[in-house]
Amino acid sequence: MSMKENRRLSLLNSHLLSQFPQVAYDDSLANFRKRTENLNSDLLFSIYFGKVADGLKRMRSIMTSNPLFDKFKELDLSLDQRRERIVQQISAIYFQSGLTYQEDFKSPYKLLELFWSTAEYELALTTKMSVTLLLYGDTIRSFGTEKHIQLAERAYALKDIGSISMTEIGHGSNVPGVETIATYDHSTREFIINSPTATSVKWLVGGVGKTSNMTALFARLIVDNIDRGVHVFAIKIRDSVTHDPMPGIIIGDVGLKTALNGIDNGFLIFKNCRVPYDSLLDKLSSITPEGKFKSSVKSKEKRLGIIISGIIRGRITVVGGTEVHIRKGLTIALRYGALRKQFGKKDGTESSLLDYQSHYFRLIPHLAKMFAIQAGVEYLWALYSSVKAKASVDPECNELNEYHAMLSCMKSISTMYGTAALQDCREACGGHGFLACSALGNIRNEQDCHPTWEGDNMILLQQCGKVILKQVQHVFKGNKITNPDLQYLDVDFEHLKAYKAAFHDRETLLNPRLLIELLEYKVNYYINQTFIALRENSTAYTDATDVWNNSQVHYIQEIAKAYCEYIFASQLIKMVDKLYEKCQSTGNAVKNIFYLYVVERIEKSLSIYVEYALNPGQAKLIRDTELYLCQALKDISVRIIDILGPPDAFLGSVIGESDGQAYSKLISHVEKSEDVYSKPAWLPLLQQIKQRA
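Take the sequence shown: its position 622, counting from 1, is numbered 622 in UniProt numbering, and each next residue is one higher.
Since the hints were derived computationally from the structure, they do not count as laboratory data. Worth double-checking, as some hints may not be accurate.
[As the list claims (entries may be wrong)] Cross-link-like lysine-lysine pairs, in silico, BS3-like; alpha carbons within 25 angstroms at most:
#1 298 / 388
#2 345 / 106
#3 604 / 500
#4 71 / 298
#5 283 / 147
#6 620 / 73
#7 292 / 147
#8 271 / 298
#9 73 / 341
#10 106 / 388
#11 341 / 665
#12 390 / 283
#13 345 / 34
[Unchecked claim] Restraint ranges, calculated between C-beta atoms of paired labels, are given here:
#14 253 / 174: 19 to 29 angstroms
#15 76 / 196: 38 to 48 angstroms
#16 25 / 588: 28 to 38 angstroms
#17 385 / 677: 53 to 63 angstroms
#18 66 / 534: 48 to 58 angstroms
#19 257 / 431: 18 to 28 angstroms
#20 105 / 514: 41 to 51 angstroms
Ideal Cβ placement from N, Cα and C applies to all residues, glycine included.
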């Protein structure tokens, strides 16, 4: 037998027979679970996930029974293979979901079942579908007319793969500043689309790189040499048969990203591309047979605001997607924290990481935020259909503006929560958490896109703060507040200074009405401080824009943050009440989660409370209670995450699976690698360096 054959045999044996000492069965996670009684798992699952609970279970079952859904087999895929796998997965499950254009038109929940289950598996899979259904489809549905309905129906049937071309190299959040031009040619009743500058190239468009054949294009409409503002055009960008770019369009792929590489983000360059008149989504604006522009909304700014508000479902899914990411990260980190043992007491027994104060204090508050986000998402979807119906009749209705403000702050705050949570989950799992097979790095990187897509967080906070300040101005004028989530606004700021929180011990502090009241106080406090800042800045700056821009940090943005915290808490206590009504023990567990969310939010802002509302003793009690609640929840946290967390097959984490066999699975995964025991191909270079030394 040759040396080469001997080496091959040796490698084969090393794969068949582990080189590691035998790993004993690890009962650490199972024993940790025994510390607490079982919760009512069916009830918690049902109330937590609401109307999508049954559909989520069904979609999980469909996906876990399909061999295409195997996270470990995807670790080493090339860029092209990863994109192909996403398309294969969509083909495998989309038509089993039961989603149709008509079904989605009646209720958003069928689509949510599909999106929540796929997001639990991988965000790129969800995003690939949401681009064509939510972004492209909703744009067509909201701002097209009867003649455009067939485009939306084709998208839902996957006969067309849509995209949305809004962002340019030079413009992201500033949509009114996009440079792509659509010039109306009355002689042919066509639009001539051009990218006049390098910065006008449509950029990072999801699905455009290799897949999409249609796009909803945001471009400046020019009629009779007059700029009529940004409008939307549904245009074909690739031939339906050959998949070649249409005449006048150059399409490219932007390549690798930090994450979500299953999505083929691309760019579009237009060079005298002619499209027919019916490409214009003309619900709000049209061009008469005589070639004259007309619009039901005269202001360009208002018109664009209405258009952007029409595609808000994508933003809601970002809030929901963040909850999914936190839930996935905590499923791994809490299980690992329970089974991983380090140090201990003098008798030699080691303690679970989750028993250490510094460890559970790091993770458990994120569990509370996860619940708060989910309660907020349920609220958003509960309001969505009625707001959408009112907006379809009156695009400038107050309900839409208020909904947009609430969604803006929720998207911003939830994604901030998510980014911090995933980093803590990764770090809490140490070196094992840094391995790709832990899945934490990929989940964290997926989450990293959320703060900037579907609206930059800082911009969204400004938008929310602006709407709230307008409500305050209405109150100053003697008008009633229309927003049901701002009924506590008090413009008599002397009341603010006189307020003293009525609690003296933990029992009196842990009162839902008192805690909500403290969050209401926070909103009113920042409104007061913002008016002071605006007044001072109006004397420091002559330009109103400078006054506004220099009143953001510590003021306007803080109003939006405080408002979001209030909504999260007020909706979370409703979830608690539903649970408690049907099962007191499960309700009590989640009530502690509510308490922790609010107490932790107050603790992070103690400096504003001690100015008027709290004395030093109460401030200390807040801190002590936060620690108490974290400790009270640490043991039950694993059972909670077992009920709500995704299936093991969706996690793709050797250290976070439900059976707790992290070490044996880690070793097994590593030894499956073809190169685990081989010499490096670059050994000659290493030897050369040694010889030169």
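Verification of the supplied hints:
{"no.": "1", "hint": "298 / 388", "verdict": "21 angstroms, holds"}
{"no.": "2", "hint": "345 / 106", "verdict": "60 angstroms, violated"}
{"no.": "3", "hint": "604 / 500", "verdict": "19 angstroms, holds"}
{"no.": "4", "hint": "71 / 298", "verdict": "51 angstroms, violated"}
{"no.": "5", "hint": "283 / 147", "verdict": "11 angstroms, holds"}
{"no.": "6", "hint": "620 / 73", "verdict": "51 angstroms, violated"}
{"no.": "7", "hint": "292 / 147", "verdict": "20 angstroms, holds"}
{"no.": "8", "hint": "271 / 298", "verdict": "30 angstroms, violated"}
{"no.": "9", "hint": "73 / 341", "verdict": "29 angstroms, violated"}
{"no.": "10", "hint": "106 / 388", "verdict": "12 angstroms, holds"}
{"no.": "11", "hint": "341 / 665", "verdict": "17 angstroms, holds"}
{"no.": "12", "hint": "390 / 283", "verdict": "16 angstroms, holds"}
{"no.": "13", "hint": "345 / 34", "verdict": "21 angstroms, holds"}
{"no.": "14", "hint": "253 / 174: 19 to 29 angstroms", "verdict": "25 angstroms, holds"}
{"no.": "15", "hint": "76 / 196: 38 to 48 angstroms", "verdict": "43 angstroms, holds"}
{"no.": "16", "hint": "25 / 588: 28 to 38 angstroms", "verdict": "34 angstroms, holds"}
{"no.": "17", "hint": "385 / 677: 53 to 63 angstroms", "verdict": "59 angstroms, holds"}
{"no.": "18", "hint": "66 / 534: 48 to 58 angstroms", "verdict": "57 angstroms, holds"}
{"no.": "19", "hint": "257 / 431: 18 to 28 angstroms", "verdict": "26 angstroms, holds"}
{"no.": "20", "hint": "105 / 514: 41 to 51 angstroms", "verdict": "44 angstroms, holds"}
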